[in-house]
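> Here are the chains, one letter per residue:
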Amino acid sequence: RFGTVTENVFDDNFWENLNVVINALDNVNARLYVDQRCLYFQKPLLESGTLGPKCNTQVVIPHLTENYGASRDPPEKQAPMCTVHSFPHNIDHCLTWARSEFEGLLEKAPAEVNAFLSSPDEYISAMRNAGDAQARDTLERVLECLETERCKTFEDCVTWARLKFEDYFANRVKQLTYTFPEDVSTSTGAPFWSAPKRFPHPLQFSSSDPSHLHFIMAASILRAETFGIPIPDWSTNPKKLAEVVDKVVVPEFQPKKDAKIVTDDKATSLSSSSVDDAAVIDELISKLKHCRKTLPPDFRMKPIQFEKDDDTNYHMDFIAALANMRARNYSIPEVDKLKAKFIAGRIIPAIATSTALATGLVCLELYKVLDGSHKREDYRNTFANLALPLFSMAEPVPPKVFKHHDMSWTVWDRWVLKGNPTLRELLQWLEDKGLNAYSVSCGSSLLYNSMFPRHKERMDKKVADLAREVAKVEIPPYRRHVDVVVACEDDEGNDIDIPLISVYFR
Amino acid sequence: MLPRKRAAGGEADEDDDVIVVEEGTHTANVTLKKPCLISAAAASSSSSAGLPAATNGNATVNGESEQSIMGNPNGGGNAPDIDEDLHSRQLAVYGRETMRRLFASNVLVSGLQGLGAEIAKNLILAGVKSVTLHDEGVVELWDLSSNFMFSEEDVGKNRALASMQKLQELNNSVVVSTLTTELTKEKLSDFQAVVFTNVSLDKAIEYDEYCRSHQPPIAFIKSEVRGLFGSVFCDFGPEFTVTDVDGEDPHTGIIASISNDNPALITCVDDERLEFQDGDLVVFSEVCGMTELNDGKPRKIKSARPYSFTLDEDTTNYKPYVKGGIVTQVKQPKVLNFKSLREGLKDPGDFLLSDFSKFDRPPLLHLAFQALDKFSSELGRFPVAGSEEDAQKLISFVTQLNDSLTDGKIESIDHNLLRHFAFGAKAVLNPMAAVFGGIVGQEVIKACSGKFHPLYQFFYFDSVESLPTEPLDSSDLKPLNGRYDAQISVFGAKLQKKLED
Numbered sequence: 001r002f003g004t005v006t007e008n009v010f011d012d013n014f015w016e017n018l019n020v021v022i023n024a025l026d027n028v029n030a031r032l033y034v035d036q037r038c039l040y041f042q043k044p045l046l047e048s049g050t051l052g053p054k055c056n057t058q059v060v061i062p063h064l065t066e067n068y069g070a071s072r073d074p075p076e077k078q079a080p081m082c083t084v085h086s087f088p089h090n091i092d093h094c095l096t097w098a099r100s101e102f103e104g105l106l107e108k109a110p111a112e113v114n115a116f117l118s119s120p121d122e123y124i125s126a127m128r129n130a131g132d133a134q135a136r137d138t139l140e141r142v143l144e145c146l147e148t149e150r151c152k153t154f155e156d157c158v159t160w161a162r163l164k165f166e167d168y169f170a171n172r173v174k175q176l177t178y179t180f181p182e183d184v185s186t187s188t189g190a191p192f193w194s195a196p197k198r199f200p201h202p203l204q205f206s207s208s209d210p211s212h213l214h215f216i217m218a219a220s221i222l223r224a225e226t227f228g229i230p231i232p233d234w235s236t237n238p239k240k241l242a243e244v245v246d247k248v249v250v251p252e253f254q255p256k257k258d259a260k261i262v263t264d265d266k267a268t269s270l271s272s273s274s275v276d277d278a279a280v281i282d283e284l285i286s287k288l289k290h291c292r293k294t295l296p297p298d299f300r301m302k303p304i305q306f307e308k309d310d311d312t313n314y315h316m317d318f319i320a321a322l323a324n325m326r327a328r329n330y331s332i333p334e335v336d337k338l339k340a341k342f343i344a345g346r347i348i349p350a351i352a353t354s355t356a357l358a359t360g361l362v363c364l365e366l367y368k369v370l371d372g373s374h375k376r377e378d379y380r381n382t383f384a385n386l387a388l389p390l391f392s393m394a395e396p397v398p399p400k401v402f403k404h405h406d407m408s409w410t411v412w413d414r415w416v417l418k419g420n421p422t423l424r425e426l427l428q429w430l431e432d433k434g435l436n437a438y439s440v441s442c443g444s445s446l447l448y449n450s451m452f453p454r455h456k457e458r459m460d461k462k463v464a465d466l467a468r469e470v471a472k473v474e475i476p477p478y479r480r481h482v483d484v485v486v487a488c489e490d491d492e493g494n495d496i497d498i499p500l501i502s503v504y505f506r
Numbered sequence: 001m002l003p004r005k006r007a008a009g010g011e012a013d014e015d016d017d018v019i020v021v022e023e024g025t026h027t028a029n030v031t032l033k034k035p036c037l038i039s040a041a042a043a044s045s046s047s048s049a050g051l052p053a054a055t056n057g058n059a060t061v062n063g064e065s066e067q068s069i070m071g072n073p074n075g076g077g078n079a080p081d082i083d084e085d086l087h088s089r090q091l092a093v094y095g096r097e098t099m100r101r102l103f104a105s106n107v108l109v110s111g112l113q114g115l116g117a118e119i120a121k122n123l124i125l126a127g128v129k130s131v132t133l134h135d136e137g138v139v140e141l142w143d144l145s146s147n148f149m150f151s152e153e154d155v156g157k158n159r160a161l162a163s164m165q166k167l168q169e170l171n172n173s174v175v176v177s178t179l180t181t182e183l184t185k186e187k188l189s190d191f192q193a194v195v196f197t198n199v200s201l202d203k204a205i206e207y208d209e210y211c212r213s214h215q216p217p218i219a220f221i222k223s224e225v226r227g228l229f230g231s232v233f234c235d236f237g238p239e240f241t242v243t244d245v246d247g248e249d250p251h252t253g254i255i256a257s258i259s260n261d262n263p264a265l266i267t268c269v270d271d272e273r274l275e276f277q278d279g280d281l282v283v284f285s286e287v288c289g290m291t292e293l294n295d296g297k298p299r300k301i302k303s304a305r306p307y308s309f310t311l312d313e314d315t316t317n318y319k320p321y322v323k324g325g326i327v328t329q330v331k332q333p334k335v336l337n338f339k340s341l342r343e344g345l346k347d348p349g350d351f352l353l354s355d356f357s358k359f360d361r362p363p364l365l366h367l368a369f370q371a372l373d374k375f376s377s378e379l380g381r382f383p384v385a386g387s388e389e390d391a392q393k394l395i396s397f398v399t400q401l402n403d404s405l406t407d408g409k410i411e412s413i414d415h416n417l418l419r420h421f422a423f424g425a426k427a428v429l430n431p432m433a434a435v436f437g438g439i440v441g442q443e444v445i446k447a448c449s450g451k452f453h454p455l456y457q458f459f460y461f462d463s464v465e466s467l468p469t470e471p472l473d474s475s476d477l478k479p480l481n482g483r484y485d486a487q488i489s490v491f492g493a494k495l496q497k498k499l500e501d
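Line by line, the protein sequences give chains S and C.
Residues in the first sequence are numbered from 1 upward in steps of one, following UniProt numbering.
Residues in the second sequence are numbered from 1 upward in steps of one, following UniProt numbering.
In isolation and in its complexed conformation, chain S is listed as follows (with noise of 0.2 angstroms):
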């Protein structure tokens, strides 16, 4: 794992002795974490990544060339909690649900549950603390696992799993579609299930229907291992358990004439508060205690994390099962388990061609570096795409250029300030500059800012003595200097983003 948790490993000994960095990472937040460092020690970086067919390369010179993190693509689209919960109109929403609804039911509501039984009296005060309406459906979804919904046998499982195919695909349609009728509309008089909503239908169970056994199937084994109940061989053979589901006693089902049901995309959470939620909680406490006594004392469930490259865990096969009939339910055409896997995995999918052409380039890039007096024009960032195919190299951008007054920097310099200043000391020397500091900060304590009166006392203090002190920072004995972030305002008190200044004390 590389980033701040390992800094006691690659610690600024480690960086300062390399002469280049080369990226081989799979996410954007380490490529980020590294970038930092690259910045701070003033390393060049060769980037890169690939994505199917298509790869890109980026070269980091300092002073040369913006870093890493000067340019960001835009952020992922997601897509808003009440389209994913209610109204979906293509499989990667159903997928995203049927992901969360694994979760919450395999892993999170099992976890619950061994944490309110390993300590009882803590967690009870915990739920008590928050009091608000998500501990209640917590509290409600533990109960469900102790007491009204607890299997102890495989067929219980079967039972939870067919009423859950109920509850999920017939009901809570049913509930949608009588608050929402086909005909209604919004406040301003359009038609309320209008593009992209899709009008959903409720799903009527057959054991006959290999979609619909194949849910129960995956679900009970599931189920099933999460109560520690062993799975019978008959468990995968679909007459008899067709023959067992069958028995299930499914109750009749009423629409709720006054159901909440969030409708606005910029909704958070689903959990709507009440007023009485303090008095619910405490009557759910009560009954989960007298729940926990009728419990063997060692009784625990075993929460399951989503695997998603085991074919035989049934885990990819719950969640296509759930995300194949809700599309049913809102006529969207379903996914095989394959497809389902890439999207719901969030694959990255990876072929050897575009990662050996991207290698190539940064090695191409990397004599670059290594010769150490290439002008910026000689370097070459490269996106392509094999597919098409396509390649498009250019010369790498130039840092931004920061100007105050007659001083101009870029990302890139670094303040330096000598002498062993005092706090005071350091602050004129930016005023004599122009800047009115009103924040200084090492590592991640802050040693001064001005709203605090009693930083005041700090004032006269030798910077570097600060840090050591407040910030806790440890100067290894090679060391002459301490770096600090100080954020400034100029005359009309407009920010200004001023380089990392460098104390030197010795």
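Simulated from the structure, these hints should not be mistaken for laboratory data.
In this text the structure is predicted, and so the values were computed from the model without any measurement.
Misleading hints may appear alongside valid ones.
[Claimed, not checked] Simulated DEER-style distance windows between Cβ atoms: (1) C/Lys-319 to S/Asp-183: 15 to 21 angstroms; (2) C/Glu-275 to S/Ile-231: 52 to 58 angstroms; (3) C/Thr-243 to S/Ser-331: 25 to 31 angstroms; (4) S/Lys-256 to C/Thr-241: 57 to 63 angstroms; (5) S/Ala-126 to C/Thr-243: 56 to 62 angstroms; (6) C/Asp-246 to S/Ser-125: 57 to 63 angstroms; (7) S/Ala-30 to C/Gln-370: 42 to 48 angstroms; (8) S/Val-20 to C/Thr-241: 44 to 50 angstroms; (9) C/Thr-241 to S/Asp-11: 57 to 63 angstroms.
Backbone N, C-alpha and C fix where the C-beta goes; we use that ideal spot for every residue, glycine too.
Use these hints to put chain C onto chain S, whose structure you have.
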């Protein structure tokens, strides 16, 4: 009832338990996390694939029983099942149909210096049916710079034979064999695609003619890397069908309104920008009201805009649009008519560019590679790094060729560039081999599967900016009798020393 993991030929009575290969002689796939399913038949009959190929010029087939590792106990013949776990990341790019076609393809790679090694590696990882390695030459010290499989002990061995074992280890389900004698035209019939990395132009033209007139045509690719310069030429035959030009999912749009007009105007919801282009074919579904459009007939887009487009259709008399509707692109296959190598040399058409600031370079390199071929056939060797005489000779060949052109004559020939070209000509550098190995590897996959748009038809690339900023003295380029001589011949001993420190 659930799909069995790689049920071979649908035989329900097979033992479906996953068996881990325990034979010590080979590991099925270097980076494998999951055990490979091997049908019971294969486990008992598979020979140890690590056997060095017994040879004296005959093509040796190594590990033929590996066919069954793909879950097919019949061993070859019918299309084997895809190991979806093993190939999942690749499957996400290509899809099952393309993977099946790959698994049925036999490829020849001629020339096992760095470029050939990289191409073979990429094809073996992709999982073609077989790769035949052809080379009549032996390993020299210079080859260690770029063929990552060679070590000092391999010097003197035939290049194909010395590469084989490590290549085979990459993927046991690919049949890797060698050919160390002269390649006859007739032998080419064994393959769906052939790649040449180190062959004279005359021979290449001959092979290309044979391939494109073969029934069915054999895809022909010629590629070279010489120092910091590289070339690719593709000829997939007089009529090649590309089934999927870009590998992207068909574009879709959610309809908000359709006018009764000629041409009709279709507006879509503004959730997402449309990706249609003028001339795209689309089909409609779920349209309420104007149901005439739901017949599944492809219709052409006249003019595409970010959230709407006009359709080449007169909807004036159609029923009025009410609501709903989805519009989906119909991706069309494309037929390409490739020129032969002989024709292409004279009239290359448009070059695929890599760097727009060097747009005038491809025509020069097109002549330079031809001049190099002339140089090596007349003098029986490559230009010596640092030899001004050799460089001048090469330049004179280029000038001659240029003078004989009627169209596309180059106005001013860049002598300095050609000097670099001459000095580096003997060297095969690993990064260049990697770049072209990736490009050519992908072209072979395109030829075998019809997936993605082929390179049509010439590509030239150079990385002279990688040379040191200080001009090099010819003494700096002299070989030192070590494995880095090829790199030294291009970059000089000074840079080599910097690398090592």
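> Could you work out which of the previously given hints the structure breaks and list their numbers from low to high?
Violated: hint 2 alone.
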